[in-house]
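Trainee: One letter stands for each residue in the lines below.
2 protein chains.
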Amino acid sequence: MAAIKNRSLAQPVSVDLRHHLNAHSKARHPSPLKDIIKFMGYDGMVSLAGEGLPHPSLFPFQSATIQTYPYDKNLSTPEVEKLVECSVDTSIGSGTGDQSLRDWAHEFTKTVFKPACSDFEILLNCGNTDGWNKIVRMLCEPGDFILVEQYTYPSAQALWIPMGCIGVPIKSDTQGMSPEDLESVLASWEEARPGVKRPHLLYLVPVGSNPTGLTMDGDRREKIYDVCVKYDIIICEDDPYSFLQFPACIHGGEAALNPTTPQEYLDSLVPSFLKYDTQGRVIRLDTFSKTLAPGNRLGYFVANPLFTERLLRATEVETQSPSGWSQAIAMSLLSKWGIMGYVEWLSNLRGQYFLRRNWMACNPSKHAGLVVFSKDDATLTTPLFSFIPPMAGMFIWARFYYFGSSRFRVLKADETCVDPEAVFETEIWAEMAKALVLLTPGSYYEPWQGKKKTTTKSRCGETGIGYFRLAYSLVTKEEMELGIERMAAVLEKVFKGESNVL
Amino acid sequence: MAAIKNRSLAQPVSVDLRHHLNAHSKARHPSPLKDIIKFMGYDGMVSLAGEGLPHPSLFPFQSATIQTYPYDKNLSTPEVEKLVECSVDTSIGSGTGDQSLRDWAHEFTKTVFKPACSDFEILLNCGNTDGWNKIVRMLCEPGDFILVEQYTYPSAQALWIPMGCIGVPIKSDTQGMSPEDLESVLASWEEARPGVKRPHLLYLVPVGSNPTGLTMDGDRREKIYDVCVKYDIIICEDDPYSFLQFPACIHGGEAALNPTTPQEYLDSLVPSFLKYDTQGRVIRLDTFSKTLAPGNRLGYFVANPLFTERLLRATEVETQSPSGWSQAIAMSLLSKWGIMGYVEWLSNLRGQYFLRRNWMACNPSKHAGLVVFSKDDATLTTPLFSFIPPMAGMFIWARFYYFGSSRFRVLKADETCVDPEAVFETEIWAEMAKALVLLTPGSYYEPWQGKKKTTTKSRCGETGIGYFRLAYSLVTKEEMELGIERMAAVLEKVFKGESNVL
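Going down the list, the protein sequences come from chains A and B. For what it's worth, this note's numbering labels the leading residue of the first sequence as 1, then goes sequentially. For what it's worth, this note's numbering labels the leading residue of the second sequence as 1001, then goes sequentially.
Honestly, I wouldn't trust all of these hints.
Unchecked claim - From the structure, some residues in chain A lie toward chain B, with a derived Cβ separation under 7 Å:
{"hint": "1", "residue": "Ser31"}
{"hint": "2", "residue": "Gly44"}
{"hint": "3", "residue": "Ser63"}
{"hint": "4", "residue": "Leu436"}
{"hint": "5", "residue": "Trp448"}
{"hint": "6", "residue": "Gln449"}
{"hint": "7", "residue": "Thr463"}
{"hint": "8", "residue": "Ile465"}
What the hints assert, rightly or not - Where chain A lies over chain B, by a calculated footprint (3+ residues, C-beta under 8 Å):
{"hint": "9", "segment": "1052-1058"}
{"hint": "10", "segment": "1123-1132"}
{"hint": "11", "segment": "1186-1198"}
{"hint": "12", "segment": "1227-1237"}
{"hint": "13", "segment": "1293-1307"}
Said to hold, decoys possible - Ranges between beta-carbon positions, derived for each pair:
{"hint": "14", "chain 1": "A", "residue 1": "Lys230", "chain 2": "B", "residue 2": "Lys1171", "range": "56 to 64 Å"}
{"hint": "15", "chain 1": "B", "residue 1": "Lys1197", "chain 2": "A", "residue 2": "Val196", "range": "25 to 33 Å"}
{"hint": "16", "chain 1": "A", "residue 1": "Glu309", "chain 2": "B", "residue 2": "Pro1305", "range": "51 to 59 Å"}
{"hint": "17", "chain 1": "A", "residue 1": "Cys417", "chain 2": "B", "residue 2": "Pro1305", "range": "32 to 40 Å"}
{"hint": "18", "chain 1": "B", "residue 1": "Pro1259", "chain 2": "A", "residue 2": "Met40", "range": "31 to 39 Å"}
{"hint": "19", "chain 1": "A", "residue 1": "Asn258", "chain 2": "B", "residue 2": "Leu1021", "range": "49 to 57 Å"}
{"hint": "20", "chain 1": "A", "residue 1": "Phe403", "chain 2": "B", "residue 2": "Leu1021", "range": "39 to 47 Å"}
{"hint": "21", "chain 1": "B", "residue 1": "Glu1190", "chain 2": "A", "residue 2": "Glu180", "range": "41 to 49 Å"}
{"hint": "22", "chain 1": "A", "residue 1": "Phe403", "chain 2": "B", "residue 2": "Ser1118", "range": "37 to 45 Å"}
{"hint": "23", "chain 1": "B", "residue 1": "Lys1434", "chain 2": "A", "residue 2": "Lys73", "range": "51 to 59 Å"}
{"hint": "24", "chain 1": "A", "residue 1": "Asn258", "chain 2": "B", "residue 2": "Pro1305", "range": "49 to 57 Å"}
{"hint": "25", "chain 1": "A", "residue 1": "Pro259", "chain 2": "B", "residue 2": "Leu1436", "range": "39 to 47 Å"}
It is worth saying that the hints were derived from the structure and are not from the lab. Using N, Cα and C, we set each Cβ at its ideal position, and we do this for glycine too.
Make the full structure from the sequences, and use the hints.
Mentor: Structure, rendered in structure tokens:
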């Protein structure tokens, strides 16, 4: 395959992917006003062409001092270390965002992810939500089909559903998306849907996926990438959880992660799709939302120059640069810390999520018969639910076995019940909410496949199976224990001791 | 007319304007995940349903201290007064933005603009660029016609041109848009363009318009509003310059504005369209970009509840809330200052732009024959250019009389020259850039009327007339003087003494 051959070359550049742009994106022209900006840099130029820019001497802000925690202390006992002073640069810029922050992100991406293509570029955005919005509006026509994971992030599809787009779910195993199923869907596309345009965009969260918590290893990525080369697919790697990776092993609820050096931590991370991307067909969405704070609303695209240029045209007329405060504050912190300081911060940070994952993953087993751990879901007995311990991120994806409940069996036998799995899910959810514990129903993560596929049966979903997602990021250990206790009580009541193992 | 009658009632509420929503906006559903948020507020609820939210204890930021200038000191000699301390709230929120900031904006709007409708709502956005993007995507279908000023803001139309939309320019006089021309365009629409959907959205910058610098008074607004009621038009009042209003009188270049109380300043402002909006058909875009700093990327919609709800659905999947830093910093400043403190800041601020306007407006007259001031452009002699002194904002819109130039007359006589006005404009602009002074060419502000109307002639533009825009916001007095001097030298050279008055 071309991509594989290409990998032996020193440093490829991206291939021409212009045919992926939609009509709307192709029709964008640079604002003539922005063209004037380049003349403004001439020595001695007097510009009377400023575009509604107030004079900086007329801002009420003089300077900002942000107190931060040190990157190298244990996060559970943080002490305020020093002050980051940043002068206030609160002007708009040209839409590209602060050049020093773009340079930092370029260097960071090169150091950490080692992209195959030499010509990747950085463009700032207001976080991955904004980033995904701009990607869809650059690449998709109304009615396009979009390749997604078997369970996918609802806000990502809430964007394109009103555009009339349709999701094409690809089956998953413990590594996430299956390259064989991807190949099979694409190979049989013309036959299965004659005359319908084949999808050309794949969206996935390959680390600590939301909702499944799955993380895809390097081999799997390479296989997925090769299929995407074969069928000319653009990959959107939405990767907010990439730095929250930790080992699978769950040893008790309290043991902290073994200390590692920043380099050992980096070496332990699964590679980004960028590493395999010899053609420039990966758009990576990176963000500071999970690693600094979501309120920064600050992230960036890593993409080929054609795409960053089109995305910049969109940025100029849609959002302009991210907040000047967010940029200035992030940049002063990152330049104080340096790349390896930030890496150490990330390594400490994921240690905290490791602990939280353990607290939550260990808890259900305290309640007899509630759950068995399973690497492949091929359990001998039938628990109420099982899950694959996540190796990254913030979520446990609990697989429920509904047939253990007589209530579910009644629903299933009732011919007037259109979607027993959905009805039972709603009932369990409502019981839990009444008992003051909130989970997220698995059906929220079903890819949207059009109005004809809104029931479990019409989607060919698994019979008698349901999912709930448990987030361990935002609660304390005590709240987690209380929550799981309430959940266990509700499940005992709902399943009324009729489960095989109760 | 219904609207006029309605005004006599105590406090009307907005009428049903659902039919203005485009198919895309109507198809938006609330994200089911966001629905869970309301359950999170229950007493004692343990939420394991958090949507990828990191734990706030894991952010590196502890607190922020922003040094600000006082609102009540002369801006030309600012002193840092006190510190605004703000605790760092950098979480996303639900897309609506910080409630206290929305409450502040609601109270501010009520106090300052006295909206006719009682049910207006506030929704935060990332500044007016983001706001306008979301309005167009809520109301316009591809190919729609949009009512705009005779000269309009290029970035606003750069958004909708790739959507295949077309601008319909409405003639202007010294007050901006003419209600008679608006009425005439709409009344004759079906006849002029049989079968083409009538425009239902009007976009304008009614104070210190970009580029014309014109400000529309209350009577004119009322007339425009009544036409919009008659023809069922939604008005987007893009009003970034609304607080930079000042008297027309230009007395020398140095005299400061007479001191006024904050209340006198408020009373001197032209009313917002909201004051006449008895039906809820005005969407006002307000921003802190010109009054605090553009880098805040922070503004807000004032609109009826139907529109704010649809705009919130877009916000959830496109941008989420504005930067938490921007919100927290703006809110702490505004709550320290109070509404009338902010009003005093605004009053002082516009005094600075008043000075700058005077500096620039007085300068050309130092160069003999370059310009005469004219309220109505009906001058007896022909100057090189004339302008209406702006009463707000940041721009002088200079009207050039090209026939004074032999070079232009040659172009005009040349039958192979498709657009003499455009060619001559480019030549003048290039000469100025060479002489190290940048102006913005007037053609940048021509409304886009489709590919067939890209020349002065095809648009039925004025023969022998051109415009350049001069911005006085971002340069010092010395730079302004230098810039005008260079400009005068270029014009003398280009027009070679052949103008009537030279």
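Trainee: Next step is simple, just say for each hint if it's right about the structure.
Mentor: Against the structure, the hints:
1. About 5 Å separates the beta-carbon of serine 31 (chain A) from the nearest beta-carbon of chain B, less than 7 Å, and the hint is met.
2. Because the smallest distance between the Cβ of glycine 44 (chain A) and any Cβ of chain B comes to about 5 Å, under 7 Å, the interface hint for this residue holds.
3. At its closest, the beta carbon of serine 63 (chain A) sits 5 Å from a beta carbon of chain B; the interface hint therefore holds under the 7 Å criterion.
4. At about 5 Å, the closest approach between the beta carbon of leucine 436 (chain A) and any beta carbon in chain B falls short of 7 Å, and the interface hint on this residue holds.
5. Of the supplied interface hints, the one on tryptophan 448 (chain A) is violated, with its beta-carbon coming no nearer than about 10 Å to a beta-carbon of chain B, more than 7 Å.
6. Interface hint status for glutamine 449 (chain A): violated, as the beta-carbon distance to the closest one in chain B is roughly 15 Å, over 7 Å.
7. The beta carbon of threonine 463 (chain A) is not positioned within 7 Å of any beta carbon in chain B (closest approach about 23 Å), and the interface hint is therefore violated.
8. Hint status for isoleucine 465 (chain A) relative to chain B: violated, with the closest Cβ pair at about 20 Å, above 7 Å.
9. With a threshold of 8 Å between beta carbons, the proposed coverage of the segment 1052-1058 of chain B by chain A holds, since 7 of its residues qualify and at least three are required.
10. Using a Cβ-Cβ cut-off of 8 Å, 4 residues of the segment 1123-1132 of chain B lie near chain A, which meets the minimum of three, so the contact claim holds.
11. As drawn, the segment 1186-1198 of chain B meets chain A at 0 residues by the rule of a beta-carbon pair under 8 Å; below three, the given contact is violated.
12. Taking a C-beta to C-beta cut-off of 8 Å, the segment 1227-1237 of chain B contributes 0 residues in contact with chain A, too few for the three needed, and the coverage statement is violated.
13. Taking a C-beta to C-beta cut-off of 8 Å, the segment 1293-1307 of chain B contributes 6 residues in contact with chain A, enough for the three needed, and the coverage statement holds.
14. The hint said 56 to 64 Å for the Cβ distance between lysine 230 (chain A) and lysine 1171 (chain B), and at roughly 58 Å that hint holds.
15. Distance hint check: the CB atoms of lysine 1197 (chain B) and valine 196 (chain A) are about 30 Å apart, consistent with the given range 25 to 33 Å.
16. At roughly 39 Å, the beta carbons of glutamate 309 (chain A) and proline 1305 (chain B) sit outside the given window of 51 to 59 Å.
17. A beta carbon spacing of about 37 Å between cysteine 417 (chain A) and proline 1305 (chain B) agrees with the range 32 to 40 Å that was offered as a hint.
18. Separated by about 36 Å at the C-beta atoms, proline 1259 (chain B) and methionine 40 (chain A) satisfy the suggested range of 31 to 39 Å.
19. Roughly 56 Å separates the CB atoms of asparagine 258 (chain A) and leucine 1021 (chain B), a value that falls within the hinted 49 to 57 Å.
20. With their beta carbons about 44 Å apart, phenylalanine 403 (chain A) and leucine 1021 (chain B) fall inside the hinted range of 39 to 47 Å.
21. Remark: the range hint 41 to 49 Å for glutamate 1190 (chain B) to glutamate 180 (chain A) is contradicted by a beta-carbon distance near 59 Å.
22. Between phenylalanine 403 (chain A) and serine 1118 (chain B) the beta carbons are some 55 Å apart, a value that contradicts the proposed interval 37 to 45 Å.
23. At about 58 Å, the CB distance of lysine 1434 (chain B) to lysine 73 (chain A) agrees with the hint of 51 to 59 Å.
24. In this structure the supplied range 49 to 57 Å holds for asparagine 258 (chain A) paired with proline 1305 (chain B), their Cβ-Cβ distance being about 55 Å.
25. Taken as a hint, the range 39 to 47 Å is violated for the pair proline 259 (chain A) and leucine 1436 (chain B), whose Cβ atoms sit roughly 60 Å apart.
In summary, the numbered hints that this structure violates are 5, 6, 7, 8, 11, 12, 16, 21, 22, 25.
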